[in-house]
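**Student:** Sequences listed follow chains H and D, in order. Its first residue numbered 1, the first sequence is counted upward by one per residue in the UniProt record's numbering. Its first residue numbered 1, the second sequence is counted upward by one per residue in the UniProt record's numbering.
It is worth saying that the hints were derived from the structure and are not from the lab. Some hints here could point you the wrong way.
Said to hold, decoys possible - The calculated PhoX-like cross-link candidates involving lysine-lysine, where the alpha carbons are at most 25 Å apart (straight line), are:
hint, chain 1, residue 1, chain 2, residue 2
1, H, LYS13, D, LYS308
2, D, LYS270, D, LYS314
3, H, LYS127, D, LYS330
4, D, LYS189, D, LYS203
5, D, LYS373, H, LYS13
6, D, LYS318, D, LYS255
7, D, LYS308, D, LYS318
8, D, LYS127, D, LYS189
9, D, LYS189, H, LYS127
10, D, LYS308, H, LYS219
11, H, LYS219, D, LYS366
12, D, LYS77, D, LYS164
13, D, LYS255, H, LYS13
14, H, LYS13, D, LYS376
15, D, LYS372, H, LYS219
16, D, LYS330, H, LYS219
Unchecked claim - If you want the footprint, here are the derived chain D segments under chain H, 3+ residues with CB under 8 Å:
hint, segment
17, 27 to 40
18, 362 to 372
Note that beta-carbon positions come from the ideal geometry of N, C-alpha and C, so glycine has one too.
One-letter residues, chain by chain:
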Amino acid sequence: MANSKQIKQTISKYGIVFALIGMIIIISIIRPQFLSYGNILNVMTQSSIYGIMALGVTLIIIAKGIDLSLGSMVAFSGLVLASLSQVGGAAGKMYPNLPELPLVLAILATLAVGAFMGSISGFFVAKTHIPAFIATLGMTTIVRGAALIYSGGKPITNLKPSLLALGGNIGIIPVPVIIYAVMILLTWVLLNYTRFGSDAFAIGGNIHAAEVSGVNIAKAQILVFAFGGVMCAVAATVFAGRVQSVHPGAAVGYELTAIAATTIGGTSQSGGIGTVWGAVVGALVLGVLRNGMTLMGIDAYWQQIAEGAIIIGAVVIDMRKHAGKK
Amino acid sequence: MGQSEYLLEMLDITKEFPGVKALKGVTLQIRPHEIHALVGENGAGKSTISKCLMGIYTPTSGKIIFDGEERTNYTIKEAMAFGVSMIHQELSPVRDRSIMSNMFLGREPMTKYGTIDWKKMVEEAKKWLKQVELEVDPRTRMADLSVAQMQMVEIARAISTNAKLIIMDEPTSALTEREVEQLFKIMRKLRSEGTSMVYISHKLDEIYKITDRISVFRDGEYIGTEDSDKLPLDRMIQMMVGREVKDMFPKVQCKIGEPFLEVEDLSHSKFFKNVSFDVRRGEIFGIAGLVGAGRTEVIETIFGILGKSGGVVKLAGKEVNIRNSRDAIKSGMALLTEERRHNGIFPILDIRFNTTVANLQGYINKFGLIDKKKIKEDTDEYIRMIGVKTPSATQLIQYLSGGNQQKVLVARWLLTQPEIIFLDEPTRGIDVGAKSEIHKLIGKLASQGKCVVMISSELPEIMGMSDRIMVMREGEVTGILDNTTNVSQEMLMEYASGVRNDYQ
Ligand SMILES: Nc1ncnc2c1ncn2[C@@H]1O[C@H](COP(=O)(O)OP(=O)(O)OP(=O)(O)O)[C@@H](O)[C@H]1O
Ligand SMILES: [Mg+2]
Numbered sequence: 001m002a003n004s005k006q007i008k009q010t011i012s013k014y015g016i017v018f019a020l021i022g023m024i025i026i027i028s029i030i031r032p033q034f035l036s037y038g039n040i041l042n043v044m045t046q047s048s049i050y051g052i053m054a055l056g057v058t059l060i061i062i063a064k065g066i067d068l069s070l071g072s073m074v075a076f077s078g079l080v081l082a083s084l085s086q087v088g089g090a091a092g093k094m095y096p097n098l099p100e101l102p103l104v105l106a107i108l109a110t111l112a113v114g115a116f117m118g119s120i121s122g123f124f125v126a127k128t129h130i131p132a133f134i135a136t137l138g139m140t141t142i143v144r145g146a147a148l149i150y151s152g153g154k155p156i157t158n159l160k161p162s163l164l165a166l167g168g169n170i171g172i173i174p175v176p177v178i179i180y181a182v183m184i185l186l187t188w189v190l191l192n193y194t195r196f197g198s199d200a201f202a203i204g205g206n207i208h209a210a211e212v213s214g215v216n217i218a219k220a221q222i223l224v225f226a227f228g229g230v231m232c233a234v235a236a237t238v239f240a241g242r243v244q245s246v247h248p249g250a251a252v253g254y255e256l257t258a259i260a261a262t263t264i265g266g267t268s269q270s271g272g273i274g275t276v277w278g279a280v281v282g283a284l285v286l287g288v289l290r291n292g293m294t295l296m297g298i299d300a301y302w303q304q305i306a307e308g309a310i311i312i313g314a315v316v317i318d319m320r321k322h323a324g325k326k
Numbered sequence: 001m002g003q004s005e006y007l008l009e010m011l012d013i014t015k016e017f018p019g020v021k022a023l024k025g026v027t028l029q030i031r032p033h034e035i036h037a038l039v040g041e042n043g044a045g046k047s048t049i050s051k052c053l054m055g056i057y058t059p060t061s062g063k064i065i066f067d068g069e070e071r072t073n074y075t076i077k078e079a080m081a082f083g084v085s086m087i088h089q090e091l092s093p094v095r096d097r098s099i100m101s102n103m104f105l106g107r108e109p110m111t112k113y114g115t116i117d118w119k120k121m122v123e124e125a126k127k128w129l130k131q132v133e134l135e136v137d138p139r140t141r142m143a144d145l146s147v148a149q150m151q152m153v154e155i156a157r158a159i160s161t162n163a164k165l166i167i168m169d170e171p172t173s174a175l176t177e178r179e180v181e182q183l184f185k186i187m188r189k190l191r192s193e194g195t196s197m198v199y200i201s202h203k204l205d206e207i208y209k210i211t212d213r214i215s216v217f218r219d220g221e222y223i224g225t226e227d228s229d230k231l232p233l234d235r236m237i238q239m240m241v242g243r244e245v246k247d248m249f250p251k252v253q254c255k256i257g258e259p260f261l262e263v264e265d266l267s268h269s270k271f272f273k274n275v276s277f278d279v280r281r282g283e284i285f286g287i288a289g290l291v292g293a294g295r296t297e298v299i300e301t302i303f304g305i306l307g308k309s310g311g312v313v314k315l316a317g318k319e320v321n322i323r324n325s326r327d328a329i330k331s332g333m334a335l336l337t338e339e340r341r342h343n344g345i346f347p348i349l350d351i352r353f354n355t356t357v358a359n360l361q362g363y364i365n366k367f368g369l370i371d372k373k374k375i376k377e378d379t380d381e382y383i384r385m386i387g388v389k390t391p392s393a394t395q396l397i398q399y400l401s402g403g404n405q406q407k408v409l410v411a412r413w414l415l416t417q418p419e420i421i422f423l424d425e426p427t428r429g430i431d432v433g434a435k436s437e438i439h440k441l442i443g444k445l446a447s448q449g450k451c452v453v454m455i456s457s458e459l460p461e462i463m464g465m466s467d468r469i470m471v472m473r474e475g476e477v478t479g480i481l482d483n484t485t486n487v488s489q490e491m492l493m494e495y496a497s498g499v500r501n502d503y504q
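Here chain H stands alone, though its shape is the one from the complex:
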């Protein structure tokens, strides 16, 4: 008796994991090549860019925020990275007189740019109390505009081999997957083992109680959005390595995929609830779905419809778990 109840609880708690396993089983029955080693790594590589973005937005949503400007931030920080990492002497170089920078410095500068952009949204949320939805909606077009101005509307190409290596493999393991794994670990520690993460939960859980309990709300909000920006910069680094050039119109709509991944993973839009593993599983669900549908030869337009249906379905199931009668 008690046992069957426990099983029920486990299924409801890890429902999305079971859904993922179910999807994998069904797809690999129809298309056995899905389970090939190469394809699995392929799915993970493809998931890594919005997966990394999903980590950032998970924290933001836990703190009862949202960030719609993630895609624009990926484009802008990607352009910054690309402009600082062009091959010496290439034609059409953005900074012809720039001495060759070590890649590490270029990446650090990119991360700083990401943190700065995120903290602008955070600043407006914290200090003016406008809804995050509005603040980041504004930032979406501002940052996209800045990207167009910065690049003159043209893609930046001729990237250094060391940057391109980040889109490649070490041995058989794709570097994007390694970067993704490191970011997962980092976010997990930050969320569960630091004041930063605890403050995010406190703000999302009850902002008034957080205030009385001594949480520095403005600081925490700015930091959370800055973290979202940093994750965009990391995603941009992977993006530049894989695509081998950055276009000012890149990554449009990526924020929606990232938010969807987070949401599928059980992070609640009403704040205070969310996990890192949920965001990872959510990203994998979308990755497996896209890959599987492509393998099965499903039309790309129909794929979008299926994806939307899955997102809504996942949230409906999740809501019932949290707010059922009884």
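Assemble the complex: chain H is given as a structure, and chain D with the ligands must be docked to it using the hints.
**Tutor:** Frame of chain H, contents of chain D with the ligands only:
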């Protein structure tokens, strides 16, 4: 169908939550025209059975007969339609909407065009607010009311449904004597008009004043039902707790030391002016007064949540500038707030988080990471010490009974090891046994040389615990009294209502 003696019969009701058996086959039988007390310790299942009746929960098993008909599997709306209404223990008003919108939420009066009839709503709301003698415009925003006023709105809402049975789940925990009297007047009137009421309260003196019969629950079990005038107090407590509770106010005389907190001419542009007092080490300093006297606001200003418009706060002789709660916590202050749900608990987070959130700095190890193991140990120790009833420390706090939530909040602030602790209605909604435990803890803090500032609307508590009592009225101090045997409830009421004033 034969005419039953009872308006409501709830028979052999069981209710299980994951990991918790909240009700284990309880019975509740309510006659027409009666005020029926339901008493029991925190977590006994009083709110749970109320919610079962109201259609908020569906009982796992059992039988509900209301008005001669068996009722199964119904919704809140259906319960309201067959004549049940409820005053909820935990207020959750829509703070940004008006009083009337809150009162008529989900049952707004309609015009014949199917739009909301605002004019009728104002009239109706006015009528019911008048019944509870709340003199405010029904269009006032909920957020602009005090807790007591919100409670009166909730009462007005419940009676406005013309129910046959009204469940009142701790309606008076946020009220002072005057409003309690008002409520009792309404209840007597309702009873004479044929309404029955279930009255849940931890204030046992009230039980005898207003109720006809008493049912006692303990740990989800039904203990018994007696006529109120045939059940002596000590017997009732014994039924509730299963043992005798002595010494409600275990006040030990502590050595009173130097003044630690000194407040001089503290003013707030809206709520109070020129408040001066000091609190000494080892002292329990009570603050009494009617609702709206500005007591909560004074301590929230000292704690940096509200901004002062003038005056000085000193700690250990040194002036301090406290701009927010972080400054306050850093300088050794703790504040247990009055509105548990609004700015106390983090409902969707677990007991561990709720217990340790204000003391997080104390759990950060040398690597800058949170020491989860220590959090687990400390939480376990405190919930055992304070006696929080829960299956585990990872339970979400929203699933605890109201009184147990309050105990977790007490633990939260004890953990910060404060030098001075402000307690705003610390035992609101807490049962007799736990109350005496919390009083013991307060006494222990004082005996360690800490300062305790306690606001309470329960005069026996103020008089039983305090060394000195400050009384406030309409934002001003009317007296600071040594709590000797000369001090009586009447005297405090005279200060609170302005008949006496030492500062004129
Ligand atoms: N939704 C829920 N999920 C899990 N457990 C619950 C839930 N609601 C109540 N409980 C548990 O059921 C028991 C009874 O709770 P209930 O709120 O009815 O107590 P109560 O008698 O009203 O106490 P109090 O005087 O503190 O208000 C408690 O142990 C509580 O933790
Ligand atoms: Mg209760």
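**Student:** The structure should be examined with respect to each hint, and the outcome stated for every one.
**Tutor:** Structure-based check of all given hints:
Proximity of LYS13 of chain H to LYS308 of chain D is assessed by CA-CA distance (about 48 Å); at most 25 Å being required, the pair is judged violated. At most 25 Å may separate the alpha-carbon atoms for a hinted pair to count; LYS270 of chain D and LYS314 of chain D meet this at roughly 22 Å. Restraint check: the Cα-Cα separation between LYS127 of chain H and LYS330 of chain D comes to about 23 Å, which is no more than 25 Å; the hinted pair holds. Taking the CA atoms of LYS189 of chain D and LYS203 of chain D, the gap is about 21 Å. The hint holds against a cut of 25 Å.
The suggested pairing of LYS373 of chain D with LYS13 of chain H holds, with an alpha-carbon distance near 24 Å, which does not exceed 25 Å. For a cut-off of 25 Å, the pair hint linking LYS318 of chain D to LYS255 of chain D stands: about 22 Å separates their Cα positions. Between LYS308 of chain D and LYS318 of chain D the alpha-carbon distance is near 18 Å, which keeps this suggested pair within the 25 Å criterion. For the proposed pair LYS127 of chain D and LYS189 of chain D, the alpha carbon gap of about 16 Å is at most 25 Å, so the pair holds.
In summary, the hint linking LYS189 of chain D to LYS127 of chain H is not supported, as the alpha carbons are separated by about 51 Å, beyond the 25 Å threshold. Distance hint between LYS308 of chain D and LYS219 of chain H is fulfilled; the C-alpha atoms sit about 23 Å from each other, no more than 25 Å. Annotation: proposed proximity of LYS219 of chain H to LYS366 of chain D holds, straight-line Cα distance about 22 Å (limit 25 Å). With a C-alpha separation of about 15 Å, the suggested pairing of LYS77 of chain D with LYS164 of chain D holds against the 25 Å cut-off.
Between LYS255 of chain D and LYS13 of chain H the CA atoms are separated by roughly 54 Å; this puts the pair beyond 25 Å, and the hint is violated. A C-alpha spacing of about 22 Å is found between LYS13 of chain H and LYS376 of chain D, which places the hinted pair at or below 25 Å, so the restraint holds. With a C-alpha separation of about 23 Å, the suggested pairing of LYS372 of chain D with LYS219 of chain H holds against the 25 Å cut-off. Between the alpha carbons of LYS330 of chain D and LYS219 of chain H the distance comes to roughly 17 Å, so the proposed pair stays at or under 25 Å and holds.
Restraint check on the segment 27 to 40 of chain D versus chain H: 0 residues with Cβ-Cβ distances below 8 Å, three needed, restraint violated. Coverage of a stretch by a chain is defined here by at least three residues with a beta carbon nearer than 8 Å to that chain's beta carbons; for the segment 362 to 372 of chain D and chain H the count is 5, and the condition holds.
When held up to the earlier numbered hints, the structure conflicts with 1, 9, 13 and 17 and fits the remainder.
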